Structures are given as C-alpha cells and as structure tokens.
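> Listed below are the residues making up each chain.
Protein chains: 4
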Amino acid sequence: MIKAGIIGSTGYAGQELVRLLMQHKDAEIVWYGSRSYIDQKYYDVFHNMFEIVDADCMDDNMEELAEKADVIFTATPQGLCSSLVSEEVLSKTKIIDLSADFRIKDADRYEEWYGIKHPSRDFIKEAVYGLCEINREDVKKARLIANPGCYPTCSILSIYPMAKEGLIDMDTIIIDAKSGTSGAGRGAKVNNLYCEVNENIKAYGVASHRHTPEIEDQLGYASEQQVVLNFTPHLVPMNRGILVSAYASLKEDVTYEKVKSIYDSYYKKEKFVRVLPENVCPETRWVEGSNYVDLNFKIDQRTGRIIMMGAMDNLVKGAAGQAVQNMNLMFGLPETEGLELVPMFP
Amino acid sequence: MIKAGIIGSTGYAGQELVRLLMQHKDAEIVWYGSRSYIDQKYYDVFHNMFEIVDADCMDDNMEELAEKADVIFTATPQGLCSSLVSEEVLSKTKIIDLSADFRIKDADRYEEWYGIKHPSRDFIKEAVYGLCEINREDVKKARLIANPGCYPTCSILSIYPMAKEGLIDMDTIIIDAKSGTSGAGRGAKVNNLYCEVNENIKAYGVASHRHTPEIEDQLGYASEQQVVLNFTPHLVPMNRGILVSAYASLKEDVTYEKVKSIYDSYYKKEKFVRVLPENVCPETRWVEGSNYVDLNFKIDQRTGRIIMMGAMDNLVKGAAGQAVQNMNLMFGLPETEGLELVPMFP
Amino acid sequence: MIKAGIIGSTGYAGQELVRLLMQHKDAEIVWYGSRSYIDQKYYDVFHNMFEIVDADCMDDNMEELAEKADVIFTATPQGLCSSLVSEEVLSKTKIIDLSADFRIKDADRYEEWYGIKHPSRDFIKEAVYGLCEINREDVKKARLIANPGCYPTCSILSIYPMAKEGLIDMDTIIIDAKSGTSGAGRGAKVNNLYCEVNENIKAYGVASHRHTPEIEDQLGYASEQQVVLNFTPHLVPMNRGILVSAYASLKEDVTYEKVKSIYDSYYKKEKFVRVLPENVCPETRWVEGSNYVDLNFKIDQRTGRIIMMGAMDNLVKGAAGQAVQNMNLMFGLPETEGLELVPMFP
Amino acid sequence: MIKAGIIGSTGYAGQELVRLLMQHKDAEIVWYGSRSYIDQKYYDVFHNMFEIVDADCMDDNMEELAEKADVIFTATPQGLCSSLVSEEVLSKTKIIDLSADFRIKDADRYEEWYGIKHPSRDFIKEAVYGLCEINREDVKKARLIANPGCYPTCSILSIYPMAKEGLIDMDTIIIDAKSGTSGAGRGAKVNNLYCEVNENIKAYGVASHRHTPEIEDQLGYASEQQVVLNFTPHLVPMNRGILVSAYASLKEDVTYEKVKSIYDSYYKKEKFVRVLPENVCPETRWVEGSNYVDLNFKIDQRTGRIIMMGAMDNLVKGAAGQAVQNMNLMFGLPETEGLELVPMFP
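Residue numbers (full-length UniProt numbering), protein chains in the order written: chain A, 1 to 346; chain B, 1 to 346; chain C, 1 to 346; chain D, 1 to 346.
Just to be clear, a hint being listed does not mean it is correct.
Said to hold, decoys possible - Distance condition first, Cα-Cα at most 30 Å in a straight line; then the derived DSBU-like pairs of lysine-lysine:
#, chain 1, residue 1, chain 2, residue 2
1, A, 189, C, 41
2, D, 268, C, 25
3, A, 141, A, 164
4, D, 258, C, 41
5, B, 260, A, 41
6, D, 271, D, 105
7, C, 268, D, 25
8, A, 41, A, 141
9, D, 251, A, 251
10, D, 271, D, 3
11, C, 164, C, 260
12, D, 189, B, 41
13, D, 260, C, 41
14, C, 269, C, 141
15, B, 269, B, 140
The set of hints was computed from the structure by calculation and includes no laboratory data.
The structure presented is a predicted model; accordingly, all values stated were derived computationally and were not measured.
Kindly produce the complete structure, drawing on both the sequences and the hints.
Given below as structure tokens:
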C-alpha cells in the first residue's frame with residue numbers, strides 16, 4: 001500500500017486527488033495538508049467526504065511528511081514545492097508537483113514568465129515532465145515529477161503527432177482554449193463569484209498566459225525546433241472541462257486518412273487518449289470525471305490549415321488524474337489503476 | 001457474472017445504469033435496448049462510452065432478453081414493463097422496473113394518478129418496493145422489483161424515522177422538493193431546452209404530481225395510518241440532484257438530541273444514508289455521482305414544526321444506483337458493490 | 001430632475017439602481033458612493049457602464065450628500081443607514097433605505113434577529129414600509145422609506161389577499177422560497193464562488209433567516225393577529241429571480257373562482273403585479289429584468305390547503321425597482337416611470 | 001407610428017424583436033406571425049409578455065402583411081423570405097430579413113454553402129447588407145435589408161479597421177468564436193436540451209459553418225481582395241452572448257497607440273461600438289440585453305500577430321437590435337431610438 005501525502009489538499013485539484021486516491025486500491029492518504037484549515041475535519045471543508053475521510057487537515061510540513069509518505073503530491077501555488085524540495089526529502093520519498101515549478105527546463109524563462117525567483121534550480125534538471133503518453137519511460141524512473149499544466153496537457157496531446165511528424169508549420173500555431181471555472185482555483189475572489197462567471201465568457205491572459213512557454217517547450221522538443229505560438233485561454237461558465245481548438249498551416253497536402261493513421265499510431269495503445277471517429281468533435285461533457293483526453297482534427301482544404309481539437313477534464317487528466325497516472329508508473333503499478341472511471345454524463 | 005439487460009438504455013437513467021454496471025465487477029451488460037436508436041452504436045448516442053462500450057442498440061424484446069439475461073432493468077415510460085412482464089419471463093429472469101408500474105399496491109389508485117390502464121394487475125402484489133433501507137429482506141427474495149421514484153426515495157428516507165416513531169402529525173406533512181433537469185428525461189421538448197431551463201426556477205405538477213401517492217403509501221405503511229400530504233416539485237437549472245425540504249408539526253416537545261438519536265438508530269448502519277452533523281444542511285453538490293442520501297433536520301421551537309431535509313443524486317440513488325443496490329441484494333452480493341463511488345465535486 | 005445619490009453603488013442592488021436610474025427620464029445620479037472603490041471610475045468596476053457612466057466612486061458621506069441630493073438610496077449592510085440618519089439629514093433630503101434597518105417596527109425584535117444594536121430607534125416609527133401596493137398613500141408622504149426585503153416582497157404579495165380576507169389559518173403558513181445568487185451579494189466568499197453554487201441547491205438560514213420577522217409583521221398587520229410562520233430560503237444556481245411557494249390551510253371551502261376574484265380585486269389595478277391565468281405557474285424567467293411580480297395559486301381539495309406562488313426579479317421588484325417605484329411615489333411622478341421594462345427572455 | 005409586422009415572432013430572435021419594439025416609441029407591432037402557434041395568444045407562448053401583448057399569433061401571410069405594415073421583419077429559416085419577396089410586396093412595404101437569404105451577393109456561393117436553391121436571385125443585388133456602422137448611407141435608402149448574421153456582425157466589426165487599413169495579412173485570419181445557446185434556436189432538438197448543453201463546450205461546423213462566406217465577403221470588400229479564412233464557432237452554456245477571438249499576422253510593426261487610434265477613428269462616433277480601455281478584454285456579461293459591441297485588441301510582439309476581440313449580445317446587436325437599428329435608419333428616426341438599453345448585469 002503506497003502511503004501518499006497531499007500538500008494543498010483543500011484546493012480543487014487537491015480534493016480531486018483525495019477523490020481518486022480514495023478509490024485507488026493500492027494507495028492510502030496519510031496526510032491532508034492545508035494551511036487554511038489546520039485542525040479542522042477534512043469533511044467540514046468538503047462535505048462530500050463525510051463518512052469517507054475522517055482525518056483532520058494538517059500543516060504543510062514537508063520534512064515530517066517525507067518520513068511518513070512514499071509519495072508527496074504538492075497541489076500548491078507556484079514557488080512552494082520548489083522552496084521545500086531537498087536532496088534529503090527526495091532521498092526518502094518521491095514528489096509529484098502539480099504546480100509549475102519544475103515544468104520549464106530553462107530557469108530564467110520560468111522566472112520571466114512567473115515573475116518569481118526559482119529557489120531550487122538544481123532540481124529542475126532532474127525533474128521529469130510527467131506527460132505519461134510522451135515521457136513514460138522517464139516517469140517510471142523519476143523521483144521528482146513536474147505534473148503538466150491543464151491547458152498544456154490538452155494542447156500538447158492534440159498537436160503532438162503533427163509536430164513530431166513535421167507535418168505542420170510550427171510558426172503558424174494558434175491555440176484557442178476554453179476552461180471550466182474550477183481551473184481558477186478556490187480562492188475567494190470577486191471575479192470568480194457565481195454571478196460574475198455565470199452567463200459570461202471571456203478571454204484572459206491574452207498573449208501572456210503562463211502556460212504558453214510550457215506548451216512551446218514541449219512542442220519544441222517534439223519538432224526539434226524553437227516554437228513560438230499564440231495561446232489564448234477563455235473562462236467558460238461550467239465547473240470542469242478544457243477544450244482546445246488549435247490551428248496550424250499544413251506543410252503539405254495530406255488526406256484525412258493519412259492524418260488519422262498518424263494519430264492512431266501515436267495513441268491507439270494509449271488507454272486514456274481517444275481519437276474520435278471522423279466528424280465527431282471532442283466535447284467536454286463526454287470526458288467529465290474521467291482521465292480521458294478526446295482528440296480529433298479537421299483538415300480545411302480551403303485554407304490549407306488543420307484544426308486540432310482536444311477535450312478533457314481539467315481536474316482529472318489535467319491535474320489529479322495525471323498525477324495518479326504518474327504515481328502508478330513510478331511505483332510499478334498498472335498505469336490505469338484507480339483511473340478506470342467511466343465519464344459521468346450528464 | 002450476472003448478465004444484465006437494459007430496456008431503455010438511452011435515456012438518462014438507462015445511461016447511468018450503463019455507467020454503473022461498467023464499473024461493477026460482478027455484472028456485465030448483454031443487451032442495450034433502445035427503440036429510438038436500434039442498430040446504432042451505443043457510443044454514437046453517448047460519446048462518453050467510446051472505447052468503453054462497443055455494442056449496438058437493440059430492440060426491446062423482453063422474450064428474447066429473458067433467455068439471455070439474469071436480470072432485466074426496465075428504464076422506460078410507465079406502462080411498458082407492466083405490458084411485457086409475464087410468469088414465463090419471471091420464471092427465467094428477474095426484473096427491476098425503474099418505472100412506476102409496480103410501485104402502487106392499489107391498482108385503481110395507480111390508474112387514477114397515471115391515467116393509464118394497468119395491464120398486469122396480478123403482478124402488483126408480488127412486486128417488492130425496492131427501497132432497500134426499508135424493505136431489505138423482501139428485496140433479497142424478490143423476482144420483481146418496483147424501483148422507487150426519485151422524489152419518493154429522498155422524501156421517504158427524510159421523513160421515515162419521524163413517521164415510524166409517531167413523532168409527527170401525519171396530517172401536516174408538506175414536501176417541497178427541487179430537482180435537477182435530468183429528471184425531466186431526454187425527450188426533445190421545448191420546455192426542456194437549455195434556454196428555457198437555464199436562469200429559471202418553477203414549480204410544476206402542483207397538487208397533482210404522480211409521485212404523491214407513492215410517498216403517501218410508504219409513509220402510511222410506516223405510520224400505520226392513511227396519509228394525505230402536499231408534494232410540490234420544482235425544476236432547478238442543474239443537471240443532477242434532488243433536494244427535499246419537508247415540514248411537519250411535532251406531536252410533542254422533542255430535543256435535537258432525541259431526534260438525532262432516532263435518525264442515527266435508523267441509519268447508522270446504512271452505508272448510503274448519511275445523517276449530517278448538527279446545523280449542516282444537505283446540499284446536492286456533496287452527493288453528485290454517488291449513491292448517498294444526505295439527511296438532516298431542524299426543530300423550530302417557535303412554530304412547533306420540524307423541517308426534515310434530504311439531498312441525493314436523482315440518477316444514482318434516485319434511479320440507477322438504487323437499481324444496482326437492489327440487484328446486489330437479489331443476487332446475494334455485497335450491497336455496496338459497484339456503488340462505492342466517492343461523490344464528485346465540483 | 002430629481003438628484004439621486006447612492007450609498008453602496010457597487011453592490012449588485014446598487015448597480016441595478018444605477019441601471020434603472022440611467023433609464024429614468026426624471027432622475028439623475030449625482031453620487032456613486034462606494035467605500036471599496038473610492039476614486040476609481042465606476043465603469044472600471046462595472047464595465048457594462050463604460051461610455052454610460054463617467055463618474056468616479058466616492059466615499060459614503062451622508063452629510064455632504066444631503067446637501068446635493070433630493071433623495072438618497074442606501075444599498076448597504078444593516079446598521080449603516082440607521083447610524084447616518086438624522087433629523088438634519090431628513091430635513092434636507094429623502095432617504096430610501098434598501099437595508100433592513102427600518103423594516104421592523106419593534107426595535108427589540110430587530111435587534112434580536114439581526115444581532116446588532118439599532119442606533120436610531122427614534123426614526124423607526126416615522127419610516128414607512130415601502131411596499132407600494134399595500135402602503136401607497138403613506139409612501140407618498142414619507143421622508144424615510146424602509147424598502148422591503150426581497151423574500152418579504154414576494155412572500156407578502158403572494159399571501160396578502162388570503163391573509164387580509166381571513167381565508168387562511170394564519171398558524172399554518174409555510175413559505176418555501178428560492179433565490180438566485182445575486183441575492184447573496186458581491187462579497188468575495190468561498191461559498192459564493194461559481195463552482196460552489198453551480199450544480200447545487202441548498203437550504204440556508206433554516207428556521208432562523210432574518211426575513212422571517214419582516215414577513216410575519218406584515219402578514220400580522222393584514223390579518224390583525226400575531227403571526228408565526230416557517231420561512232425557508234434556498235440558493236439556486238442562477239443570477240436573478242425569487243420564487244415563493246407558500247402553503248396554508250384554508251379556513252373554509254373555497255372555489256378557484258372565488259379566490260381568483262379576490263386576487264384580481266386586490267391586484268387588477270396594480271401595474272407590477274400580474275395574476276396569471278389558471279394553471280400557469282409563476283416562473284422566474286418570465287419576469288427577469290422587470291419590476292413585475294407574477295402570482296398564482298392552486299387549491300388542493302385533498303389536503304384542504306392552498307398553495308400560493310410568486311415569482312419576481314430579486315434585484316428589481318425585490319430591491320432597486322421597488323426603490324425607484326417608491327421614489328416615483330414620493331416625488332409625485334407616475335409610479336411606473338423608468339420601470340416599464342419588458343422582461344428579458346431568455 | 002411605424003407599423004411593423006414580424007414573420008417568425010416565436011423564435012428567440014422574433015421574441016427579442018417584440019421586446020425591443022414594445023419599448024420603441026415610434027413603432028407598433030401589427031402582426032405576430034408564427035406558423036407553429038397560429039391563433040394562440042402570444043403571451044401563452046412567452047409568459048413574459050402577459051399583460052403586455054394581447055395579440056394572437058397569426059399565419060405568415062406576406063401579401064396581407066404588406067398591406068398592413070410599413071416594415072416586415074422576417075425572423076425565419078433560410079429560404080422563406082426569399083420565396084415570399086416580390087416587386088409588389090416591396091412596392092408597398094420595406095423588408096428587414098434576419099435570415100441569410102440576401103447576405104451573400106454571389107447566388108451560387110449562397111447555394112453552395114446553404115445547400116438550397118435561391119428562389120429570388122433578382123433581389124440579391126438590391127438588398128443592402130445592414131451592418132449600419134459600415135453601410136449606413138445605403139441602409140437609409142434601402143427597401144430590402146439583409147440583416148447580418150450574429151457571428152459575422154461581431155467578427156466583422158472586430159477586424160474591419162485592420163482590414164480596411166491594410167495592416168494585417170488577410171491570408172492569416174483565424175476567427176475562433178463562442179456563442180450562447182439562444183443562437184441555436186428554439187427548435188425541440190435533443191442536442192439543445194438543458195442537460196446536453198450545460199457543463200459542456202464544443203466546437204461545431206468546423207471549417208464548414210455558413211457564416212464563413214458572409215464574413216469573408218465583407219472583409220474582402222474592406223480589404224479589396226479575396227479573403228479565405230478559418231471560422232470556428234463554439235457552443236457555450238449560457239443564454240446570450242457572442243465572443244470573438246480573431247487572430248491575424250501584422251504586416252508591419254505597429255504600436256498599441258497606433259492601432260488604438262485607428263479603432264477610435266472608426267468607432268468613436270458609433271454609439272453602439274465601444275473600444276475598451278487598454279488591457280480590458282471584452283466579456284459577454286457587460287453587453288447583455290443591449291445593442292453594444294465591445295471591442296479590443298492585443299498585439300503580441302513575440303509572434304507578430306494581433307488578437308482582435310469582440311463581445312455582443314447575439315439576440316440584440318446580433319439580430320433584433322440591429323434590425324431595429326436598420327429600421328430606424330430606413331425611416332429617418334434617430335439611429336438609437338428604442339435601443340438605449342443599459343446592459344443588464346448580472
């Protein structure tokens with residue numbers, strides 16, 4: 001039985017981790033970290049957990065936790081995990097960091113986009129970018145996982161086969177993404193109040209969102225060239241779900257069949273990636289509560305572009321589910337364990 | 001492995017049955033009945049099932065199905081199950097009927113409230129009202145289960161202990177209930193369009209809703225007297241969930257502690273009923289996707305009334321989950337099998 | 001041109017006042033009071049007002065405002081208006097208070113339910129309860145208006161004719177009310193975040209909500225007896241709207257026609273009260289953005305009860321619209337001026 | 001007083017026309033056309049109109065209507081207006097067609113994209129594309145107006161200044177648009193049910209949506225070259241609102257100030273177009289219920305692209321409001337009459 005600790009267990013991603021781990025037969029939670037709710041019953045914060053979780057919320061003590069836990073999930077704001085990690089900690093336990101601290105290999109670039117100083121640059125190199133479908137072998141051997149961002153997970157998986165195969169002009173990529181509101185976190189901000197989000201859609205972080213360099217880096221590795229792209233996220237009045245519509249110019253004339261066979265070859269064996277039948281667009285409702293990413297594409301002969309589309313649950317494949325998937329790989333368990341959740345509709 | 005057939009598998013309750021049975025380790029679905037989508041892939045109707053269910057939708061053939069299935073779920077409009085059931089069918093298989101056909105023991109009363117003729121009155125007596133928490137032993141031995149209605153399940157469980165203990169005046173019961181829109185079904189009606197339901201709340205079926213006699217009957221059995229009550233359902237702009245606020249006059253002065261101990265004595269051992277801590281009101285968000293019913297009550301000394309409250313997921317405990325719970329009991333499985341789903345939030 | 005000042009102009013009710021007054025041909029706003037946003041452009045807080053309102057937000061200075069304004073609207077938390085009102089202020093200007101400070105004639109009762117000390121008990125007697133349909137003549141002569149609460153407005157208008165005519169047993173009244181989330185205000189609280197409210201319904205303030213004594217008092221005046229009742233509010237995932245379902249036992253057998261004629265006699269001349277055709281239930285979608293209250297009732301012969309129903313927009317008739325209606329009466333303008341807004345659907 | 005007839009008055013756009021015209025002081029509605037609800041009270045279909053509209057729904061008789069009405073609005077599916085228009089009709093009345101029949105000047109192109117035969121090609125030339133901000137002078141003289149589509153209105157106004165000034169590469173335009181569900185119409189379709197739309201976002205009509213040629217044509221006129229672009233609409237779980245995020249490569253280095261001054265020069269005098277302050281993104285909540293289009297842009301130095309953004313209410317500026325704006329121009333009224341509605345929030 002894997003002993004897991006969660007630092008930041010009372011955010012939306014942290015709570016989703018609790019939901020998933022409670023249904024995982026080879027893991028148990030030994031630490032419900034939460035600075036905001038120390039000594040309160042976890043079920044007082046999330047009543048869905050009443051009679052399921054009896055533990056109290058505890059302070060975020062990485063040292064103590066390293067003694068108790070086989071794996072620590074940090075579902076915390078940027079800068080926290082990187083300030084707590086150390087060789088001593090990593091010698092005792094594994095860390096899966098759901099924040100951005102170890103996702104960008106170039107520390108200067110991280111500091112520029114995130115506006116904070118990186119406190120543990122030495123560990124950046126060691127950290128493995130935990131997008132299992134792409135880095136599976138490295139994940140298995142990792143001590144420190146940089147769990148991918150929600151938008152990057154969906155964006156990268158949507159575009160990856162075309163980038164890797166060199167079929168699109170990497171200078172023409174535009175990613176227009178839409179997210180449910182749980183992605184904005186559980187902080188008490190006027191802008192996230194029900195009446196402010198409901199009956200509204202807006203773009204935010206235009207040309208400046210922090211997930212941009214993460215996507216650029218990974219697509220850069222795939223295409224073996226430097227990538228600069230446009231990424232525009234939008235806030236949608238729904239709880240969960242991310243939808244990506246990505247555009248790029250095709251470098252050559254390709255048929256639907258050709259591209260379909262490429263996507264199939266990349267993802268056919270992937271349990272959590274579903275390449276949909278022709279003309280079926282991904283929709284967030286079909287993946288809710290599950291670890292699936294649904295993908296499809298459309299070739300527009302008129303403009304010579306391909307539209308690559310992806311849908312997933314931002315809290316599962318975009319955060320907690322992917323973290324569990326990484327945990328499974330790191331501990332030699334079946335990759336799908338605890339994640340074979342059928343999407344819930346409606 | 002229990003072989004299960006579903007007649008009416010493409011409604012919301014039918015599809016929820018599929019979701020639950022796909023995650024049930026001792027059952028498999030052998031028949032996806034759907035008049036509307038015959039010969040289409042089930043996943044073409046519900047894309048969440050892509051790569052999970054590969055079967056086609058089939059016609060609703062009870063005869064043929066009785067040969068193949070150990071249990072048949074009928075998630076169909078009133079009148080269908082009762083027109084198909086027969087001694088021959090029941091000699092070969094068990095039936096769990098999610099419609100109202102066998103819920104009312106008095107056939108005249110059924111016909112009066114439902115406005116249709118009951119085609120198989122003989123089976124009404126045999127049918128067991130499948131509210132497991134109350135009729136567990138009878139359910140275990142049943143061939144034919146009348147799976148309770150969504151509103152009745154939540155209403156009855158909320159009021160039952162007070163009725164059974166004789167602590168409330170049964171002539172004073174008023175049930176004000178609120179339901180998510182999946183309860184209205186998947187039929188293409190203008191009134192259920194997104195723009196008609198969103199940003200709206202309304203009462204419907206005031207003083208005439210068909211779930212009224214079902215609630216009255218069961219509370220009548222509990223209190224051993226005839227019960228006439230007010231039941232008012234409301235439609236709420238959300239997908240899932242039922243909330244019940246029930247009012248009744250107390251027959252004597254009782255303390256919070258007294259009533260709490262009664263509710264606990266009825267439900268402490270019940271896995272799917274959670275009596276919440278004092279002053280925590282049930283909310284539908286805390287049970288979504290799960291088979292839980294959350295209950296609580298408040299005594300109003302000023303008016304001498306008790307307010308009894310319940311929340312549950314109408315598609316799970318109010319339909320498909322309860323059906324699976326009944327199946328588990330009928331086949332000697334652990335009652336919770338396939339139903340230990342942690343509520344999903346947000 | 002009436003010069004109007006608003007203290008608390010950046011809450012939802014305050015902003016709705018701005019919307020209505022901008023479309024009122026005989027009033028202009030001279031003061032946008034807002035402690036939270038002093039010196040910021042009003043349109044920076046509410047971008048809908050861009051190019052419509054150019055003013056800055058100002059401090060809440062009642063003294064200064066009394067010099068400038070013919071009428072002051074206080075859309076503020078309890079206790080503020082009552083701490084600022086004085087004979088000097090009222091000698092210079094009129095006040096329409098949207099808080100509860102002057103709604104309860106018995107100051108002890110106010111203090112008990114609201115948990116704060118009333119700082120200006122002397123003015124309670126003078127204040128007129130501004131439910132225009134009932135107190136029209138007094139409103140016309142008032143200097144100080146207690147603008148009714150949202151739930152009370154809808155509840156009282158729904159029940160008033162039956163109470164006044166003595167047709168219901170006043171000891172049996174149960175009001176089950178449902179409100180959109182704008183009623184919870186614009187404060188940054190976790191409980192009002194989008195993901196906490198969406199896909200949820202809950203009761204709150206059960207047997208203890210502060211609008212209870214206000215409803216009891218007004219129905220007490222109507223029935224000329226002391227009234228104690230149950231009032232249960234619920235939070236609904238929608239922006240605007242209040243729906244009331246009220247129950248009471250009939251004191252005698254009455255026909256639909258009899259009750260209809262009573263409601264018609266009370267409300268036929270009322271521009272903002274619509275008694276709907278038989279069997280059409282009030283729904284919040286049909287009044288959104290307007291000053292209408294839609295009413296109807298259903299007699300349940302089985303239980304001897306009447307169900308009285310009302311729907312309105314909590315921010316209009318339940319707050320800002322009613323305040324403007326009061327202003328119109330106080331200044332001798334046509335009562336409907338600036339309020340003839342057709343409900344917006346969908 | 002202008003006498004107006006509406007053919008198709010019981011769709012969402014038709015009903016919005018009724019709402020606007022009821023608040024227009026120089027127009028009255030003389031005909032509520034609706035094939036689906038002939039002889040029913042209009043308020044039976046839309047209860048918001050109870051005690052506001054007393055008329056019955058009538059058949060769609062263009063001949064008879066031409067005798068009675070000064071202007072006919074056709075808020076009908078494609079093909080209807082074009083099959084009813086004639087020289088005789090136009091000699092008696094003016095027509096504002098909210099369908100696509102006369103928007104595309106090249107009839108072959110219309111038939112190709114819409115898949116139907118155009119029954120009155122002769123009138124295409126005469127029809128004026130009623131985007132008032134661009135074709136104001138022609139609108140004033142027109143007998144037949146092609147009221148622009150919802151997506152095209154928002155897309156064209158967002159991009160127009162850059163296209164007209166030749167600052168963007170017209171071969172690089174990608175329009176990613178998002179719409180509320182009222183845009184999908186009031187037809188009873190499973191896909192538009194509450195539970196299918198709620199908690200979901202999806203793209204549809206990818207690389208094939210019918211509004212594509214309309215946008216291309218108008219931007220082609222502006223830039224004086226043939227334009228081929230990508231247009232991807234998405235369905236958002238909200239009632240009203242369209243948001244456009246449009247991308248294009250800049251042809252030269254331009255500063256924020258330069259582009260801002262261009263947008264201002266095009267739109268400063270336009271009452272219904274608001275160019276927002278720097279860094280304020282358009283959001284649909286700020287225009288709801290009004291005729292405004294909110295615009296802004298962001299220059300991305302990294303990619304050399306400009307992101308042009310627009311938000312409006314699809315039923316007002318995107319349909320009924322623009323139709324009234326056209327009517328005002330055609331009849332020599334102030335362009336803003338009946339349209340000075342302050343956006344309603346929340």
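> Hints numbered earlier in the text: which of these fail when held up against the supplied structure?
8
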